[in-house]
Amino acid sequence: ARLMAKLSFMDRIIKALGPEYVDNLPQPPSDTLATVPTPINITAEPCPYRYKRCSSETFFPSCDIPQNTDPETWAMRFNLYFDLSKDLEKLDIINATLRLYKNNSIPLVNPKNLLIKAHEYGRYVPKRRRSKKTLIATKSVPSDYIGWVSLHIEKTVKRWRKPRNNHGIQISVVDTDTIPWQAENIFVIMNCSS
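Heads up: the sequence shown runs through residues 1 to 194, numbered per UniProt numbering.
It should be emphasised that the hints constitute simulated quantities derived from the structure, not laboratory data.
There is no bait here: all hints are sound.
Okay, the calculated beta carbon distance ranges per label pair:
#, residue 1, residue 2, range
1, D175, D92, 32 to 42 angstroms
2, P61, K158, 17 to 27 angstroms
3, N191, D92, 25 to 35 angstroms
4, F60, V109, 30 to 40 angstroms
Every residue, glycine too, gets a C-beta built ideally from N, C-alpha and C.
With these hints in hand, go ahead and build the complete structure from the sequences.
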């Protein structure tokens, strides 16, 4: 009875992992009841076998700004700074996803595609000078879309293992006619006023 309960519990876990795992499971004969003497080892794609334990952590943007950055210039654009002062050096980063919530459906007669761009600052944001930026991720969504927009930024977060490389991210939005849109009016932003 204990073994059957254990197998039933494992079956629920496997089904929760998704159909690609359920379809690959061995099927018992239809005319007999069979128990599996050993559990099935499943390796999830985002968690390679060589890692003993994979976990995910969520970080929210900080209301602080990077060191040596001009506060007035920083506030002029939709910038995000993640204070990852925890020990990132010891972690093997497998996946890093920046998730932005687009809550504004723009009422247009002909909806346009919007290109969301994430640029990483290569150094601090100076006053009255152009800062060095590198394009790290893009995503295209319709202007009438409401929901999460995911940008994959693994390489950037790996560079942030050294805190001196973390100068923040700028989010910009352009339409198909390359007309810029105000990103802070399209996405939910943190309230840092309090």
